[in-house]
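Spelled out from the first residue to the last, the chains are:
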Amino acid sequence: MKAQKFFLKMFTLMWLASLSMSCSDAWENHYNREVGSGSGESLFANIEAQPELSIFTDLLRQTGYDSLLLNTQTYTVWAPINDALAGSENWSLDKKTELVKNHITRFAHPTSDLQSKTIFMLDKKFVTFARTVNGFAIGGKNLLPALSNIVASNGILHVIDGYVPYLSNIWEFIGKAPGLDSLRAYLYSRSTFEFDQAASIEIGTNEFGQAVYDSVISFYNPVLEKIGSLHIEDSVYTALLPDNVAWVKAYEQIKNGYKTLAVDGGDAQQGLNTRWAIVKNLIFKKLVTNTQEVDSLFSTTGGRFAQPSYLFENSTKYELSNGLAYVTDSVRFKAAESWQQPIVVEAENSDYGRSYKFASLYVRSALGSSFSALVSDSKYLIAEPTTVSNTTQNEVTFPIPNVLSGKYRIYCVFVPSSIVAETDKRPYKVSFSLTYINSAGQPVVESAVSAKNLLLGSGKLAGVFTSNASEITKMFVTEIEFPYCNLIDNKSDAAKISTKLRVRNETRITETVRFDKMLRIDNIILEPVQ
Amino acid sequence: MISDNKIKHSGIYKLVLIFFYLAWLPAHIFTLQANTAWHEIKGFVKDAQSGAGISAARINVAGDKVSAATDVDGSFVIKVSSPAATLKVSAYGYATREFSVRGKSEVLIFLFSEKLRNFYNPVPAFAKSDNRLTQPASHKSAMVTGQSSALTIDEALQEVFSADARVLTRSGNAGMGASVFLRGLNSINANAQPLYVVDGVPRNNLFDVTSIHDGFYSNPLLNIELSDIESVTVMKDGTSVYGSKASNGVILIRTRRAREMATRINLNINTGINTAPRQIPLLNAGQYRSYVSELLGTTGISPAETDQLPFLNDNPARSTYNMYHNDTHWASEIYRNGITQNYNINVTGGDEKALYYFALGYANNNGVLKNTGFGRYNMRLNADIKMADRISVGVNIGFSRIDRQLIDDGVNAFTSPAWLSKIKAPFLSPNTFTSLGDQTTEYAYADIFMVGNPGAVIDYSINTLKQNYFNVSLKPEYRVSESLVISNQFDYQTDKTNEDYYRPYLFAAPVYVDGVGYSYNARSSQVMRYSSVFNDLRADYSKSFRYRHTLKAFGGLRYQYNSYESDFAEGHNSMSNSSVNLMGGFSNIRTDGINNIYKSLSCYFNAHYAYDNRYFAEATFSVDGSSRFGAQANGGFSLFGQRWAVFPSLSAAWLVSSEPFMKKAENVSLLKLRAGYGLTGNDDIADYQTNAYFSSVRLKNVSSGLVLSSLANPEIGWESTSRVHAGIDMGLFNDRFVLTIDLFSSVTQNLLVLKDYPEVSGLGKYWSNDGTLSNNGFETTVNIKVLNLKDFGWETALSVGHYRNRITELNNGSFVTKAFDAEIYSAVGNAAGVFYGYKTNGVFATEAEALAAGLKISDGKGGFISFGAGDMIFADFTPDGVIDEKDRQLIGDPNPDYYGSVHNNFYFGNFSLSALITYSCGNDVYNYQRQQLEAGRSFDNQTPVMLARWKSEGDQTLQPRAVYDDPMGNARFSDRWIEDGSYVRLKSVTVSYDVPLKNGFIQGLKIWASAGNLLTMSNYLGSDPEFSAGNKVLFQGIDAALMPSSHNYFIGIKMDL
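If you're matching them up, the sequences are chains A and B in order.
As numbered in our numbering, residues 1 to 530 make up the first sequence, in order.
As numbered in our numbering, residues 10001 to 11057 make up the second sequence, in order.
Check each hint, because a few of them may be wrong.
Stated by the list, open to error - Heads up, incomplete: computed chain A residues facing chain B, CB under 7 Å, no partners named:
(1) 26
(2) 31
(3) 74
(4) 107
(5) 113
(6) 115
(7) 116
(8) 118
(9) 119
(10) 126
(11) 151
(12) 234
Said to hold, decoys possible - Calculated lysine-lysine pairs in the DSSO-like style (CA-CA distance at most 30 Å, straight line):
(13) 10353/B with 10496/B
(14) 10353/B with 10475/B
(15) 317/A with 429/A
(16) 117/A with 10856/B
(17) 117/A with 10886/B
(18) 10790/B with 10755/B
Said to hold, decoys possible - Only some residues are given here: those of chain A computed to face chain B with a beta carbon under 8 Å:
(19) 32
(20) 33
(21) 73
(22) 111
(23) 112
(24) 120
(25) 142
(26) 146
(27) 156
(28) 231
(29) 235
(30) 529
(31) 530
Derived from the structure by calculation, the hints contain no laboratory data.
Idealized CB from N, CA, C, for every residue including glycine.
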């Protein structure tokens, strides 16, 4: 019993000693050191404590954002002083909310080492935070030096002498600006809201073993996907926005190029394609502040416009949160620059499914040759004959995608034999045939092209053309007006291409001394005839 | 050989030479005058406390072969051959004492209770009496008490030797042992651990064997049960007999043997708990969320991506809300109080034919980390069989089996639960939630930050180690004459270790592996087989001439054959936690292995001469050959196409207190001066460095081939350490005050260093002999019997060790070794292991300060990036305004100024209480853990120091801003992470009680309780100032965040039947 009491006492002493182990000045001083220069209070507490921010404090409370600034995430707040917010008590709750969200952002943004940066506010607006001559400003409103860089437990507070007005972005502008109904109707009608599996988090499985997600529904608009995210403000754009008059005029002008077979969607599809043709070059990545000083512009879909100031004639400029909008009364695009551009099919490009007979195909580079600069993309296609028979001539058939309903002049560009042997002066002797859809909507297969560049119909004997043996030959094939457009969305739809040009080498066995049995083709060109 | 080495010692070398001369001169004179005349000595043996005579005390005289016993009143009469004789007095219940007659005819000898004895008491049965040793106090033995939580002898060393051995606990995991350094650091890249010799057979400590479990070291000494150990001797000098294996000192371990025929049964049982280790404070959920949401802003993440992050969405209606809004204390998920049980029973006894010691033991440990632990079974049979009058055979058989449940340890962001518990987001939950918001018992997967679930990693990992150790030793001995004994010890030992490792799918984050890509789960296995054949043919000679001259000598031939084989296999991506067999669904299966053989032969000789118990001299040499030596190695001589190394040593001692002229110095009970010189070597060269060889490789998992892996190096050889030492042993007031001082100075030449092959060779590193290293220092112990009252006694002892390590020569210049994000600089004039990094001077509070300083770093493309407000201020030593590697400085030295211990022992009646305090002073520590947890560059959780990070213009703080990926290198290796590692620790407190119970069955019963690591005083900011990142010299002083030691509480019982 005595022993038990003794051990009890000893262990008590040991425990007390072990508890004392946790007391270490160095440990405490290091791990519990005082927090920086800040008070350790939250952003909201810091704002609330400033008498000159009482109106902003009220706005935070009214809009519910006081709790946000009490939580443990990191924010930066640019709080307008009371004088700047005079009269705000009469604002609607939506406007108050817009203002509050327009002065708060995630993350920490002190003024240190700041030159200029764009801040993404809670309302998804970009506002410029920059160094000025006398200090710093956010959206043009000055920071009060004595009340800047205040460190809170959950972020940084700057006090500013004004408030940054809420600006719509281009998408919102289109949605509410008067006179843009036609454009709005088209763009907004394309929007969908979809379940985003990649962004959703799998949170378990249901009783059938299927995955259950914390669903994230994402906004999706295929047009915005192509022309730019006008709605999310992570980039700035220049937008050319046709008003209703301009829209109708452009529509009437363009729609004839998009006549569509009923089987491919008919009039409805024609309308869609026409509208897309109108908008696809309306958005530019470059910020065009002065329309007279721009040499060239590239649209977000790749359209190039030289000396584009004409596009902005009679337009009205609007400054928006993610760029500039020019509302115009006429879409002044030149057809060849925009919706009716020439079609160039590079012979070496097999993306659309090239076919050939009695030939082996090779892609060759023109680099290093005397024709290097003349061969597009510096590559061309060789169709080498695999037989020597007069009845099995080497030939290649090129699918031609995205022809519009309208008139085209078709050319085939040949690279001469001398590109590989300077002394070889043998030209190519070739014939052509064209496959297309006629006005009855029926396919015309391999309609021979006569020596006079006319389409003869299927089974006719094609004319023979001879290339220039010493230079690149852009050989006119024929002119044709396609009654229907033939558009495909992507390369996987190549099987739907209805327009094809066959190029055949017509050199006989006995003629190989004078003509080359090879075919060297640079590209096929379809030039629209206005 | 001696002349081959340019001995560069301090003045201590001259001191030793003078001593030799002075010591030998009087010895020579006395030799000439020696005439044997017997002197009668009358004396009394009395109790030092009461002054009462002690009856039946035994008095022996070394060398004279005479003895006497005291009468009832404590008186005795004995004849001695010399007035300088030393009496060895022992009595039941008292500590044995040696007493110099020093020409007196009447002596009064006081004995102290056996409960008061020097903490470093010699083992009575050891070959030589302590006072006759020429090797100093550094060549001391100690009994292993067995009253502690230690499971291995290297852990226990700290308790019994303190300053004589610098012992650094490898980790708080049970049985991991300790890194041990004797007399400084005697190598840079090669093994600097002492040689362990168990019952005469060297043990391979497998110092550089790599486990497949991170942070784990398979300690071979764990195979020896502590209760089976009779004595441990630390030899720091005079180790030349072990030649090329002894430059780091030798630790001799003797296991128990029967000493008498009576049957004795001894039962030891102890059990205890280890508490969860001390945790570094971490940010709570709110603080962490604030930190992460600030850090995100520096990643360049888009607003759209930010909106999708569930941990930033505070809407309780979201189904992910529950998962991301917790405040989990992750350490609580993985730690527990560990429990250890240890049982040992042994039997000794025998008859005239044979004596035997037989022991069985079982130890079990549940680690403080859940699901970890080990079990150990051990058996030992030591027998001495008398075959004939002159022939006997010693037999040692040992077996042990260890089963471990392991988990990766240290800074491993994938599979170390301890580390995961530190870095994992506290706002996450360990378990999943249903869509209704109810928490399940299912573990959550690795999280959005790619940090695994520590609890799940523990549960789903299948990490084991199984080790079987067996040895058998036969030692026939033939006594040719009274003076000459010839023996041959044959020993075979084998150690097979199976390691299995499984990194779980989904619960651990995927790891990018070269050649595999992302490895989502992995299985690996390693089998290591170590076996050794040892034979030692030896002759021992012992003879006294005319009583005053004693010669003891031995010599022999030692051969050792070691083979080490390891087979490794790993596979990846079975993509299922139920498919864990390596050949199952795993792909990218890779195998590797080692098959090394290493042989050594040593011829050794030792002679010890004593004259009149006052003058002692000892000479030793050995000649070693090794398969690791290159044929053109520097030093030694060539024979049979092999290079042989020669290691001599010489030492002497003068027992001044036996001199007649000390007759009147009554208060000086002991005074001995010692000095010596010795040359030893280190043959821990990697195998096959002398040869060019190829290794097999697998190319893109398609074809196999051989690639050149090493170029032949016929010049590779041993390191050689020459050491001079001098010391004094002094006992005052009847040995009530005992002081020992040792000075040493050593020079290690032909340092084995790792160097880089030219990069074009693609061969990596190679070993080379290059450079010189010195160690100068001292060790001292003071032992005081403070109180010796009737029922109360108090004895205290203080030990202090010090060494000054310096690299004095590196032929090919300095080099930097990188480890744990640290840089360790080896250069002439520095100590080994010093830290080389940047010096800091706070944090730029303002943009103006940063601009004024104009510091920048290279962007790697010809440009520069300027430091700004919130960045660290690094010292620009060049000064060119650019902070780069030219600005690195020495920022810390891990070598202590002083280290040692303080022992206290109290007894009151049958109770005794002992307390051990250990300390280290002046050693710098690289706190790797803090470097990771205060870097502010990743989404890993951080310490609360991150709350004080620079946040905005004007912030006055020492903690720089948090920036993802740390582009400015604010967290680079700098003095921010170097701390003073000095500490004083109450290492153990033990209370024991001798139960006054004796009957025909129970002969003795002791109950004890101990507590370990109770109190630590230190400014160190890690969990534990006592650690070792590994055995390597250059890894000392790096806190690699291995499991820290924690409090432990044990109780035990020891019963003699």
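Exercise for the section: Output the numbers, in ascending order, of every earlier hint that fails for this structure. Expected result: 6, 7, 8, 9, 10, 13, 15, 17, 18, 25, 26, 28, 29, 30, 31
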